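Undergrad: Position chain H against the provided structure of chain U, taking the given hints into account.
Note that the protein sequences, when read in sequence, are chains U and H.
If you're matching positions, the first sequence starts at 0 in numbering that gives the first Met the number 0 and goes up one per residue.
If you're matching positions, the second sequence starts at 0 in numbering that gives the first Met the number 0 and goes up one per residue.
For the record, the hints were derived by calculation from the structure and aren't laboratory data.
The model shown is predicted, which means the values in this text are computed figures rather than measured ones.
Errors might be hidden in some of the hints.
Stated by the list, open to error - Derived, one-sided and incomplete: chain H residues facing chain U with beta-carbon distance under 8 Å:
id : residue
1  : PRO14
2  : GLY25
3  : GLU88
4  : ARG90
5  : GLY93
6  : SER94
7  : THR100
8  : PRO102
9  : VAL103
10 : GLY121
11 : GLU251
Even glycine gets a Cβ: it sits at the ideal position worked out from N, Cα and C.
Okay, here's what each chain looks like letter by letter:
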Amino acid sequence: MIETQGLVKQFGRVRALNGLTFRVEAGTIAGLLGANGAGKTTTLSILAGRLAPGQGLARVAGLDAAGGALALGSAVGFLPETPPLYAEMRLADYLAFAARLRGVPKQETGPRVEETLAALGLADLAGRRCGGLSHGMRRRAGIAQALVHRPPVLLLDEPMAGLDPAQVVQFRQLIASLRGRHTVLLSTHQLSEAAKLCDKVVLMCKGRAVEDPRLANGSLPARHQGYTLRLTVRGDEPRLRQALAPLVSQTFDLSPHPLLPGALAVQFTAAEDLREEAARRVVEAGLGLLELGAAEEQDLEALFLELTRQEPIS
Amino acid sequence: MTSPNPRPKTMTLSPVWLIARRELAGLFASRAAWWTGAAYLFLTGLLFNAMALGPGARPSSVVLESFFTLASGLTLLAVPLLSFRLIAEERQTGSWVLLETAPVTPRQILWGKFLSVQGFHGLLLGLTAYLPALVFLHGRVAPGHLLAGYLGLGLLAAALTGVSLAASALGRGLLTAGVFAALGAGGWLVLWLAAPVSAPPLNTALAHLALYQQHFPPFARGQVWLKDLWFYGAGAVLGVEWAAVVLRQQREKR
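In isolation and in its complexed conformation, chain U is listed as follows:
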């Protein structure tokens, strides 16, 4: 549904995309993950028809994005980082304009707008001017304009940037609800959001998808299989090692806690969440359990940092 092959884009001396190749299957939600300047926005802009690719192939819904927005027709809905709103327009009028601009017949425009407003929880704001909307509502209005013509593909550039935690949760649910009906490609800095929302993550570094044996087809499974457990324990090291040994198949990190004198910081990975078992064993060994935590996302973060650091500077 979305496919790039050897995509290259040069801005003067800067090579923003350097042979980017990835594929997103129809009906799935994929994340473009990367540091600032990795080429995420450039990729989305090419796929949306805003930018012409220098070299390579970019196909969206079977259409060649090199032909621009005209060639893509109404196959794509695009939400840029700043929602493209007209401040003076009322929300319903704005959506009607966006729909008509993308070829929705006049007689269908009204129902489509109402349907979209309802789906995004914006029905009460239909008569509000776009300039008077809050930041979160502007984002919703931005998604609404991208969805109102029912495109098969949605491209969202940093859709959750600047939202408060409650809005992030709402937005995540909203985007997740599109799964199956639309192919969604979103860019984000937030690893945890990508892990929670995406079926697949394309890790970008210096204009290309990171290649690593741990990645399948240049992509990272969004939900990491393992758990990282962290414990802070007061007591002696040999007894702690002995207590945790049955739980750990590989080696684990054990070091004096940097902030708590006399305490030990332990970290190890396991295939499942072993917090309960670890806590029981520590207590039964007569050690003092000061802290216990599992950080699933840390694995993704660690892998992200490791992989993006490994990339040679081109």
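TA: Here is chain H on its own, set in the frame of chain U:
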């Protein structure tokens, strides 16, 4: 899975009207446009009373010629002010992306914007109609003179909109677009000043190419010449086409 709505690739008028209507509504919602319009109408009335009517009895045709000349001066100021923001401001606020990613051609976007300025300026001209109508109270007015004068003002506005749209497309921000529009319109206007100091045949060409000197006064006198229609029409079309080329190149090179 939903299917996209196909749109024919040939230029259709529908998006042009759609964009023109939205832009016109945008102009009516814009404080800058209201101020420009208010200043235009106020100054037209003031100058008409002070200069066109003037002291003592004068032939109606002379009064009308003065009126159209004064109004053309204000059109020269107002139209670039209304037009230079059309693309630059949208880029600044981010709404340009909506048009960029829609299945419409740059030409359709530009003609839509072009028509909106013509509509707004046309409305302003319509609101000045009471001024020449006052001449009816004191003398005789040839309707043809009125029509020719207003046609000239409309064509002058069209040419200025064309060059201002090109400036708006070229500018990276509002300020640069404004500077380009001022340079474009101003440069085109004062081209005739270069004619006397140039050698033939350049002097003749410069005099003919200047925006105002040879082409507007006939309209103000009530005369419509085909060459002047062509001149202003071509100016408008070339301006819009130049802007379209700029937008296409920006997509390719950006």
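Undergrad: Which of the numbered hints above does this structure break?
TA: Hint check: 3, 4, 10 fail, others pass.
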